[in-house]
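These protein sequences, in sequence, are chains U and P.
Heads up: the first sequence begins at 867 in our numbering, then just goes up one per residue.
Heads up: the second sequence begins at 867 in our numbering, then just goes up one per residue.
Careful: at least some of the hints might be erroneous.
It does not matter which identical chain is used: a pair holds within one copy or between any two.
[As the list claims (entries may be wrong)] No more than 25 Å apart at the CA atoms, straight line, and that leaves these computed lysine to any residue pairs for SDA-like: (1) Lys924 with Arg952; (2) Lys924 with Thr954; (3) Lys924 with Gln986; (4) Lys962 with Ala944; (5) Lys924 with Pro960; (6) Lys962 with Leu972; (7) Lys924 with Phe966; (8) Lys924 with Ala956; (9) Lys924 with Thr905; (10) Lys924 with Arg975; (11) Lys962 with Gln986; (12) Lys962 with Gly994; (13) Lys924 with Asp945; (14) Lys924 with Asp965; (15) Lys962 with Ser903.
Simulated from the structure, these hints should not be mistaken for lab results.
Protein chains: 2
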Amino acid sequence: MARAVHSMIRVLDEARSCTFYETAFGLTVADRLDFDSFTLIYLSNAESGFELELTVNKGRDTPYDLGDGYGHLAVSVADVDAEHARLTAAGLGPRKLVDFRNGDTLVARFFFIADPDGYQIEVIQRGGRFA
Amino acid sequence: MARAVHSMIRVLDEARSCTFYETAFGLTVADRLDFDSFTLIYLSNAESGFELELTVNKGRDTPYDLGDGYGHLAVSVADVDAEHARLTAAGLGPRKLVDFRNGDTLVARFFFIADPDGYQIEVIQRGGRFA
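Kindly generate the complete structure, drawing on both the sequences and the hints.
Put into structure tokens, the structure is as follows:
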């Protein structure tokens, strides 16, 4: 059966993105494959076998069009309030913490944060569906 | 530490997408949350804790702009040739199988397939980086 292994996004600046993903989520470079016209960088951490793949197209300097279809990558954390405070202190500008309800039921407590290219990442309190 | 838990895409037709993801990847509805203006559907299978979240915005009937930034979700399979044949027979139109090399090194054997909204999914032979 198919197993989810990674999600790929195109980014402009390898170093800038790697710094962000390490600072924000502890994701570091597990592999890096350099080709003539592009570079692939696989980011992972000890929490999951699922990786984030960055594609850097050499010579591209205009921002990517993020469209309105793709939404976000979501990560769970053990203490979303502490992470929000840490990322605020790090100057990464997380958006406000939200208690997301469906009627009276708390679905999730989360915030969004944008990476250097503008991709949104949802940071969710770990538990239930968001293990 | 942050743990990757899902990726979210916006889709037009819930039933059409659910049928595709179940047929193609064995992903079924783990949870479904209905709100006034949108529905969230979480798809998963037994291979991974990582889920695909579909957002259906009610009343939206124009295709989403997929842009050129987001790339794809990747899944690994035990036998990529067999999966290619199965998905071809199912009429899902996978693109051709590719041996992707970096110089003399085989990086991956894979194909791409598009979901009903045009999102690309990479199907990779399981092994090495793509466990």
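Hint by hint, here is what the structure shows:
1. In the homo-oligomer, the alpha carbons of Lys924 and Arg952 never lie at most 25 Å apart, since the shortest distance is 33 Å inside one protomer and 36 Å across protomers.
2. For the homomeric pair Lys924 and Thr954, neither the shortest alpha-carbon distance inside one copy (32 Å) nor that between copies (34 Å) is at most 25 Å.
3. Within a single copy, Lys924 and Gln986 get their C-alpha atoms as close as 23 Å, and across copies as close as 22 Å, so both meet the 25 Å cut-off.
4. With identical chains, the CA atoms of Lys962 and Ala944 are at most 25 Å apart within one copy only, with a shortest distance of 18 Å there and 42 Å across copies.
5. Taking identical chains as interchangeable, the C-alpha atoms of Lys924 and Pro960 are never at most 25 Å apart, the minima being 29 Å within one chain and 28 Å between chains.
6. Taking identical chains as interchangeable, the C-alpha atoms of Lys962 and Leu972 lie at most 25 Å apart only when both belong to the same chain, with a minimum of 17 Å there against 45 Å between chains.
7. For a Cα distance limit of 25 Å, the shortest separation of Lys924 from Phe966 across copies, 19 Å, qualifies, whereas the shortest one inside one copy, 40 Å, does not.
8. Within a single copy, Lys924 and Ala956 get their C-alpha atoms no closer than 29 Å, and across copies no closer than 38 Å, so neither meets the 25 Å cut-off.
9. With identical chains, the CA atoms of Lys924 and Thr905 are at most 25 Å apart within one copy only, with a shortest distance of 8 Å there and 39 Å across copies.
10. In the homo-oligomer, the alpha carbons of Lys924 and Arg975 lie at most 25 Å apart only across protomers (24 Å), although the nearest pairing inside one protomer, at 38 Å, exceeds that limit.
11. In this assembly of identical chains, the alpha carbons of Lys962 and Gln986 lie at most 25 Å apart only when taken from the same copy (13 Å versus 31 Å across copies).
12. Within a single copy, Lys962 and Gly994 get their C-alpha atoms as close as 22 Å, which meets the 25 Å cut-off; across copies the closest is 39 Å, which misses it.
13. Taking CA atoms no more than 25 Å apart as the test, Lys924 paired with Asp945 passes in neither setting, with 38 Å inside one copy and 33 Å between copies.
14. For a Cα distance limit of 25 Å, the shortest separation of Lys924 from Asp965 across copies, 22 Å, qualifies, whereas the shortest one inside one copy, 41 Å, does not.
15. Taking the shortest Cα distances, Lys962 and Ser903 sit within 25 Å of each other only across copies (22 Å), while inside one copy they are farther apart (39 Å).
Of the hints listed earlier, those the structure fails to meet are numbers 1, 2, 5, 8 and 13, in rising order.
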